[in-house]
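2 protein chains.
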Amino acid sequence: MVDVINLADKLTKFDDLWSPRVIAGINNYQVKLVKVAGEFVWHQHDDTDELFLVVKGELMIDFEGETICLKAGEMVVVPRGVRHRPRAEEECHILLLEPEGLVNTGDAGGALTADNDVWI
Amino acid sequence: MVDVINLADKLTKFDDLWSPRVIAGINNYQVKLVKVAGEFVWHQHDDTDELFLVVKGELMIDFEGETICLKAGEMVVVPRGVRHRPRAEEECHILLLEPEGLVNTGDAGGALTADNDVWI
Numbered sequence: 059m060v061d062v063i064n065l066a067d068k069l070t071k072f073d074d075l076w077s078p079r080v081i082a083g084i085n086n087y088q089v090k091l092v093k094v095a096g097e098f099v100w101h102q103h104d105d106t107d108e109l110f111l112v113v114k115g116e117l118m119i120d121f122e123g124e125t126i127c128l129k130a131g132e133m134v135v136v137p138r139g140v141r142h143r144p145r146a147e148e149e150c151h152i153l154l155l156e157p158e159g160l161v162n163t164g165d166a167g168g169a170l171t172a173d174n175d176v177w178i
Numbered sequence: 059m060v061d062v063i064n065l066a067d068k069l070t071k072f073d074d075l076w077s078p079r080v081i082a083g084i085n086n087y088q089v090k091l092v093k094v095a096g097e098f099v100w101h102q103h104d105d106t107d108e109l110f111l112v113v114k115g116e117l118m119i120d121f122e123g124e125t126i127c128l129k130a131g132e133m134v135v136v137p138r139g140v141r142h143r144p145r146a147e148e149e150c151h152i153l154l155l156e157p158e159g160l161v162n163t164g165d166a167g168g169a170l171t172a173d174n175d176v177w178i
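Read top to bottom, the protein sequences are chains A and B. Heads up: the first sequence begins at 59 in my numbering, then just goes up one per residue. Heads up: the second sequence begins at 59 in my numbering, then just goes up one per residue.
Keep in mind that the hints are not guaranteed to be accurate.
Intra- or inter-copy, both count: the list cannot distinguish identical chains.
[Said to hold, decoys possible] Cut-off 25 Å, straight-line C-alpha distance, at most; resulting in silico cross-link-like pairs (SDA-like, lysine to any residue):
(1) K71 to D165
(2) K114 to D165
(3) K71 to I178
(4) K129 to G167
(5) K129 to T70
(6) K129 to A169
(7) K71 to Q102
(8) K129 to A66
(9) K129 to V60
(10) K71 to G123
(11) K129 to M59
(12) K71 to D104
(13) K71 to R138
(14) K71 to I126
(15) K129 to R141
(16) K71 to W100
Quick caveat, the hints were computed from the structure, so don't treat them as lab data.
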């Protein structure tokens, strides 16, 4: 009745970068996994905070005037309205928590905008 | 400006069991860490789903007619209104995601009801 969700197993189910997959819903929020490498676009989400938890590798997030580095087992909440750019020198796997329907590129749009609500 | 939250570091900051500590807020949700061992009380949350992600050890969750076992790197969403009882044979560390203000013992109350909104 209640599914056990194994993160490592879910991460074997896709390989494309910057393309979040939904692995669980909690009320009107979703937990997603995403694989990233290289630079994402600068963007912001005006209506919601966004949580990043690094599962594997190292994630940099640039803010205006500051860059943070997150290793596996580290997380950050990017507050709503704060402009940011995720990037990773090598492939990095991240767990995201955000409201249903969030567009990954926020206000920026563009080629890296991923399909939404893709479950694995 | 934006804090990096290290799960292992946060877990060094408390030792008491069944007493969730808040480590991050995302909109009106909170991410918590909790250390557990032994049996919790049977209870349910009628108004919200609840996410459990095991960080260390092994967590059992009893449901009416089923028991699941979660190892580190595994998670589950317990749907609202579903009666459940977490337990662990040995100490187990869990990340929880739930709305602000959730009472850990749900409808059951009792001695294991923890203070709410305790940040570390």
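Going down the list of hints, with the structure as the test:
no., hint, in the structure
1, K71 to D165, "neither (29 Å within a copy, 38 Å between copies)"
2, K114 to D165, "neither (27 Å within a copy, 37 Å between copies)"
3, K71 to I178, "within (7 Å within a copy, 35 Å between copies)"
4, K129 to G167, "neither (27 Å within a copy, 38 Å between copies)"
5, K129 to T70, "both (20 Å within a copy, 18 Å between copies)"
6, K129 to A169, "neither (27 Å within a copy, 38 Å between copies)"
7, K71 to Q102, "neither (28 Å within a copy, 33 Å between copies)"
8, K129 to A66, "both (17 Å within a copy, 12 Å between copies)"
9, K129 to V60, "between (30 Å within a copy, 15 Å between copies)"
10, K71 to G123, "neither (36 Å within a copy, 30 Å between copies)"
11, K129 to M59, "between (34 Å within a copy, 18 Å between copies)"
12, K71 to D104, "neither (31 Å within a copy, 33 Å between copies)"
13, K71 to R138, "neither (30 Å within a copy, 28 Å between copies)"
14, K71 to I126, "between (29 Å within a copy, 23 Å between copies)"
15, K129 to R141, "within (21 Å within a copy, 36 Å between copies)"
16, K71 to W100, "neither (27 Å within a copy, 35 Å between copies)"
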